[in-house]
Amino acid sequence: MVSVQAPPARAGLLLRILPPGLYAGRAGMVVERSVRVARAGWLMFLSGAAEPFLYLLAFQVGFGKLVTEVAGPDGRPMGYVAFVAPALLATSAMNGAVFESTYNLFFKLRYAKLYDAMLATPIGPLDVALGEIGWAMTRGGIYAVAFLAIAAAMGLLASWWALLMVPAALLVGLAFSAIGMALVTFLRSTAQFDYIALGLMPMFLFATTFFPLSVYPEPLQWVVRCLPLYHAIELMRGLATGLLSGSMLVNLAYLLVLGAVGLWASTRRIAKLLLT
Amino acid sequence: MTTVESTGRVVGKWHGAWLRVEGYWTWYRRHWVSTLYSTGLQPVLFLAAMGLGFGSQVRPGVVTGGLSYLQYIAPALLAAGAAQLGIGDSSYPVLSGFKWQKDYLAVTATPVSPGQVLGGHLIWTTLRLTLAGAIYAFVALFFGAWAGPSVLLVILVGTVTGLACATPITALAARTFDEGQRFGLIFRFVVMPMTLFSGTFFPISQLPGAIRWLAWLSPLWHGTQLARGVSAGGVGGWAMLGHFAVLAAVFAAGWAVAHRAFYRRLVV
Numbered sequence: 001m002v003s004v005q006a007p008p009a010r011a012g013l014l015l016r017i018l019p020p021g022l023y024a025g026r027a028g029m030v031v032e033r034s035v036r037v038a039r040a041g042w043l044m045f046l047s048g049a050a051e052p053f054l055y056l057l058a059f060q061v062g063f064g065k066l067v068t069e070v071a072g073p074d075g076r077p078m079g080y081v082a083f084v085a086p087a088l089l090a091t092s093a094m095n096g097a098v099f100e101s102t103y104n105l106f107f108k109l110r111y112a113k114l115y116d117a118m119l120a121t122p123i124g125p126l127d128v129a130l131g132e133i134g135w136a137m138t139r140g141g142i143y144a145v146a147f148l149a150i151a152a153a154m155g156l157l158a159s160w161w162a163l164l165m166v167p168a169a170l171l172v173g174l175a176f177s178a179i180g181m182a183l184v185t186f187l188r189s190t191a192q193f194d195y196i197a198l199g200l201m202p203m204f205l206f207a208t209t210f211f212p213l214s215v216y217p218e219p220l221q222w223v224v225r226c227l228p229l230y231h232a233i234e235l236m237r238g239l240a241t242g243l244l245s246g247s248m249l250v251n252l253a254y255l256l257v258l259g260a261v262g263l264w265a266s267t268r269r270i271a272k273l274l275l276t
Numbered sequence: 001m002t003t004v005e006s007t008g009r010v011v012g013k014w015h016g017a018w019l020r021v022e023g024y025w026t027w028y029r030r031h032w033v034s035t036l037y038s039t040g041l042q043p044v045l046f047l048a049a050m051g052l053g054f055g056s057q058v059r060p061g062v063v064t065g066g067l068s069y070l071q072y073i074a075p076a077l078l079a080a081g082a083a084q085l086g087i088g089d090s091s092y093p094v095l096s097g098f099k100w101q102k103d104y105l106a107v108t109a110t111p112v113s114p115g116q117v118l119g120g121h122l123i124w125t126t127l128r129l130t131l132a133g134a135i136y137a138f139v140a141l142f143f144g145a146w147a148g149p150s151v152l153l154v155i156l157v158g159t160v161t162g163l164a165c166a167t168p169i170t171a172l173a174a175r176t177f178d179e180g181q182r183f184g185l186i187f188r189f190v191v192m193p194m195t196l197f198s199g200t201f202f203p204i205s206q207l208p209g210a211i212r213w214l215a216w217l218s219p220l221w222h223g224t225q226l227a228r229g230v231s232a233g234g235v236g237g238w239a240m241l242g243h244f245a246v247l248a249a250v251f252a253a254g255w256a257v258a259h260r261a262f263y264r265r266l267v268v
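Chains as they are written, first to last, in the UniProt record's numbering: chain A, 1 to 276; chain B, 1 to 268.
Honestly, the hints are just simulated from the structure, not real lab data.
There could be a bad hint or two in this list.
Example chain B residues on the side facing chain A (calculated, C-beta under 10 Å, incomplete) [said to hold, decoys possible]: (1) Tyr37; (2) Ser38; (3) Gln57; (4) Val58; (5) Val63; (6) Leu67; (7) Leu185; (8) Pro203; (9) Pro208; (10) Ala248; (11) Ala249; (12) Ala253; (13) Trp255; (14) His259; (15) Tyr263.
Beta carbons are placed, not taken as given, at the ideal position from N, Cα and C, and that holds for glycine.
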């Protein structure tokens, strides 16, 4: 006799969004695996912290000599290197998170079949998503602390609010890794990696990293305001200079929503790709 | 009586390499869209952001030789883009030919020699570099980035720079078996600093004297100087010849090592 179990009744909004099989409370295991992998490739891991430092150096010795002052968040002129530093931190948090959750994730998903193996154990797709995003955030957080220490030593931070840049970097990491993870599940081959660069590079170049928003003509300013990196940079720049404003709540909300949407979408995609 | 022609046909030295180029072309015709970013679009984006955006904050002065910042970095960005394309196309793609796709092994099982495989790769890289340079130069024309018709020479300089960066990396890829983090570390610690500190965005005279010699070592700096000298003047004739000689030497040395490595790895 085969007893057929009735499918569990799905009551309530929360359970409909998060069906019980998706989550087993073992996201920590996924993080632990990543930590072990990173320990094996520690040089590459550390080099991620070196990259923004190299940029900072380039600005200190080179770009900063070409442009000494630009308009800061409150419109008053500020030192150029101090203007760029928080943007570089935001970019490095974005890059760290996106690389971890796109290139690395793609190989684990398509070639190493890592998640097939994981889902064969009591680990659900939400565990995988949370674990990978958690690890990407950890990585971004470590880079943020290193960068902040260097920027402080160079005298580029004007306020104690700058300490809040570490949690802000974690939030940026969450938002970008979640959305990156959801998007990368749609990629089919490594040749399509150019699309990732095509998304990241223009954002890095144009989202007010190197020059203030006022450079753009009015319609283009609105396009830039839609970019997620713009909000990350605004948040960081406000904290680094201590010039807080109400619009930073908008930046914060934008990143939170992006992270939530990304988490939801990546869970759904992993479940769809691997469980059906 | 009928004569039977042999089906095996030994191809000439150049023809063998061109057969490889034909193979690359066949692939490229199908996948060119996904390479648009590296072919021309990336330097154009940099030109827009740094030349127009950042450049709007820079006043033309002694540093830029009296040029607008846009005109100052336009030729250098062509060289930098060529260096990145040359290195990118010679790292994983070459290793893949040996290790993952194994098309180098397949091709050398025919009368095509390892030297011709290398030659085909370099000819193809040359064509791609020239195409990318031409696309970039054409788009930059609309930015007002070029001072005169010497832009055609800048494209050529870009190709030479890209090739000088390509052969050492090809040699390295041919001698790489378990790649580990090798290419990742090269991109991080060689290519990225080279792009930032080789006089692309600001003259290397701003670097502290202790590390300036590092810029002299990088082929990109020589390419940048050459490109700037060709497009805007300001670099003397002998100096230009010197820069070109360095690029040619790096290319030749890389090619010689790569040639040996290809034979070692493909001829049992």
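These are the hints, each one checked on the structure:
Nearest Cβ of chain A to the Cβ of Tyr37(B): about 5 Å, under the 10 Å cut. The hint holds. Satisfaction of the interface hint for Ser38(B) is found here, the shortest Cβ-Cβ separation to chain A being roughly 7 Å, below the 10 Å cut-off. Proximity of Gln57(B) to chain A holds as hinted, the smallest CB-CB distance being about 4 Å (cut-off 10 Å). Taken as an interface hint, Val58(B) checks out: its beta carbon lies about 5 Å from the nearest beta carbon of chain A, inside 10 Å.
The restraint placing Val63(B) at the interface with chain A holds, with a minimum CB-CB distance near 6 Å, inside the 10 Å limit. With a least beta-carbon distance of about 12 Å to chain A, the hint placing Leu67(B) at the interface is violated under the 10 Å criterion. Annotation: Leu185(B) was flagged as interfacial toward chain A, and the flag holds, the nearest CB pair being 6 Å apart, inside 10 Å. Interface restraint check: Pro203(B) against chain A, minimum CB-CB distance 8 Å, threshold 10 Å, status holds.
With 10 Å as the threshold, the beta carbon of Pro208(B) comes within range of chain A, its nearest partner Cβ sitting at about 7 Å, so the hint holds. For Ala248(B), the interface hint is violated, the least distance from its beta-carbon to any beta-carbon of chain A being 28 Å, above 10 Å. Given hint, Ala249(B) at the interface with chain A, is violated; its Cβ is 27 Å from that chain's nearest Cβ, farther than 10 Å. Proximity of Ala253(B) to chain A is violated relative to the hint, the smallest CB-CB distance being about 27 Å (cut-off 10 Å).
The criterion of a C-beta within 10 Å of any C-beta in chain A is not met by Trp255(B), whose closest approach is roughly 27 Å, and the hint is violated. The beta carbon of His259(B) is not positioned within 10 Å of any beta carbon in chain A (closest approach about 28 Å), and the interface hint is therefore violated. Taking 10 Å as the C-beta contact cut-off toward chain A, the hint placing Tyr263(B) at the interface is violated, the least distance being around 29 Å.
Checked against the numbered hints above, the structure breaks hints 6, 10, 11, 12, 13, 14, 15 and satisfies the rest.
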